[in-house]
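Colleague: Listed in order, the protein sequences are those of chains A and B. Residue numbering for the first sequence follows full-length UniProt numbering, beginning at 1 and increasing consecutively. Residue numbering for the second sequence follows full-length UniProt numbering, beginning at 1 and increasing consecutively.
Relax, there's no trap hidden among the hints.
The list cannot tell twin chains apart, which means a pair is met if one copy fits it or any two copies do.
When the alpha-carbon atoms are kept at most 25 angstroms apart in a straight line, the in silico BS3-like pairs for lysine-lysine are as follows: (1) LYS28 / LYS69; (2) LYS69 / LYS20; (3) LYS61 / LYS31; (4) LYS202 / LYS176; (5) LYS32 / LYS58; (6) LYS153 / LYS222; (7) LYS222 / LYS202; (8) LYS222 / LYS156; (9) LYS63 / LYS28; (10) LYS63 / LYS222; (11) LYS69 / LYS222; (12) LYS61 / LYS145; (13) LYS28 / LYS166; (14) LYS63 / LYS32; (15) LYS58 / LYS20; (16) LYS32 / LYS69; (17) LYS61 / LYS32; (18) LYS153 / LYS204; (19) LYS16 / LYS61; (20) LYS156 / LYS69; (21) LYS153 / LYS166; (22) LYS145 / LYS156.
Calculated directly from the structure, the hints in this document are not laboratory data.
There are 2 protein chains.
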Amino acid sequence: MDELKPLEDQLGYKFKDRQKLVEALTHKSYKKPYNNERLEFLGDAVLDLVVGEYLYDKFPKAKEGELSKMRASLVNEAGFKKLADALHLGDYIYISAAEENNKGREKPSLLSNAFEALMGAIYLESGLDEVRRITIDLIEACYPKIDLGSLFKDYKTTLQELTQAKFGVIPDYILKDATGPDHNKEFEVQVFVNDRLLATAKGKSKKAAQQEAAHTALKLLKDEDKS
Amino acid sequence: MDELKPLEDQLGYKFKDRQKLVEALTHKSYKKPYNNERLEFLGDAVLDLVVGEYLYDKFPKAKEGELSKMRASLVNEAGFKKLADALHLGDYIYISAAEENNKGREKPSLLSNAFEALMGAIYLESGLDEVRRITIDLIEACYPKIDLGSLFKDYKTTLQELTQAKFGVIPDYILKDATGPDHNKEFEVQVFVNDRLLATAKGKSKKAAQQEAAHTALKLLKDEDKS
Numbered sequence: 001m002d003e004l005k006p007l008e009d010q011l012g013y014k015f016k017d018r019q020k021l022v023e024a025l026t027h028k029s030y031k032k033p034y035n036n037e038r039l040e041f042l043g044d045a046v047l048d049l050v051v052g053e054y055l056y057d058k059f060p061k062a063k064e065g066e067l068s069k070m071r072a073s074l075v076n077e078a079g080f081k082k083l084a085d086a087l088h089l090g091d092y093i094y095i096s097a098a099e100e101n102n103k104g105r106e107k108p109s110l111l112s113n114a115f116e117a118l119m120g121a122i123y124l125e126s127g128l129d130e131v132r133r134i135t136i137d138l139i140e141a142c143y144p145k146i147d148l149g150s151l152f153k154d155y156k157t158t159l160q161e162l163t164q165a166k167f168g169v170i171p172d173y174i175l176k177d178a179t180g181p182d183h184n185k186e187f188e189v190q191v192f193v194n195d196r197l198l199a200t201a202k203g204k205s206k207k208a209a210q211q212e213a214a215h216t217a218l219k220l221l222k223d224e225d226k227s
Numbered sequence: 001m002d003e004l005k006p007l008e009d010q011l012g013y014k015f016k017d018r019q020k021l022v023e024a025l026t027h028k029s030y031k032k033p034y035n036n037e038r039l040e041f042l043g044d045a046v047l048d049l050v051v052g053e054y055l056y057d058k059f060p061k062a063k064e065g066e067l068s069k070m071r072a073s074l075v076n077e078a079g080f081k082k083l084a085d086a087l088h089l090g091d092y093i094y095i096s097a098a099e100e101n102n103k104g105r106e107k108p109s110l111l112s113n114a115f116e117a118l119m120g121a122i123y124l125e126s127g128l129d130e131v132r133r134i135t136i137d138l139i140e141a142c143y144p145k146i147d148l149g150s151l152f153k154d155y156k157t158t159l160q161e162l163t164q165a166k167f168g169v170i171p172d173y174i175l176k177d178a179t180g181p182d183h184n185k186e187f188e189v190q191v192f193v194n195d196r197l198l199a200t201a202k203g204k205s206k207k208a209a210q211q212e213a214a215h216t217a218l219k220l221l222k223d224e225d226k227s
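Same shape as in the complex, but just chain A:
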């Protein structure tokens, strides 16, 4: 199994149990008795904590809401794909021939999940410190600047980037209702992707309602990825 040695070198981490590494790299399409979904479940929580603690320490004055926003900008499919790409993880994963034809090695969800599983496996073997070292090094190498202004994009922009990457389309916003007197109007907006209603939201302006709808839609798509 020396094909995995370059990945270990890149990580600066030698697996005690090579089978755990293989499991972390095995997509469910590969039809083995094991796959990386359980390790991904664990890795997801490990990464939330490691990145959360990093931001907690780095920004001692930041409020909880700012920490949450920064973490959400780093801890998501696109963010983990970036870290997976830095490790060339796509070259190492085990996927079926069908997934291979389907450009599986480049899929954000597949790469992000494999990265989470990899960190889950290292956590199980060696604990939080080792995952922290690897993840924070990768993040600091991949992001030119880590602060709220640089990381956090508004929700409409983030949603558009996500739906373009995932579905090849941009969201549609529809004004469903405007109620109240002129000086105190309330707007209700719906956001659709591929004719599917993702969210409805209200706001004091069309823009505010759209942002809120995009925010809700992002949470929904993120949760769907997890389940």
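Model the placement of chain B on the given structure of chain A, informed by the hints.
Modeller: Below, chain B without anything else, positioned relative to chain A:
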């Protein structure tokens, strides 16, 4: 500050830095230069990991989806309120007179947040092992049985319990549309709480669409609690 000694005894943990304990118990209404929101941010992730790892170890054959469902049943506001109550945390938290009058010491959100913050503080001082010991002992004492069947309630039931506790009302489900031929109908259902549309979902039966709508609504309410 000996008023906090019984809490430490209950936890079986003596704080190295008593100020961290005070911070974890201080609600933002108390108007101090510090409050427990940052520690709660950290504790939330610590608990996700500790409970996730516990289930990962306890159920070596469980699939990722089952682990996620079990964790979601333990790691939520109602679940943490249960653990907070076992510690009588309501007796120790620092809240404003207004919150006091508003039954703040019994509020699920307030107690759940304080519990998360407390675990965040212990993690910072003493690491994951100490949090694991305390949390898992509490969980095993508070739940008669830990398995998927005992923990996981269907989404409609869970949503109803949540909206009753939070808003004092039950959700309304409205059939919005039914399309397709009789043998292959698709139903579209909306769920409202207090006249607010929380989610829309489709399904092959009314029941399936309602479950899916309730699932989405639960995610939304959970996310709103966090932000």
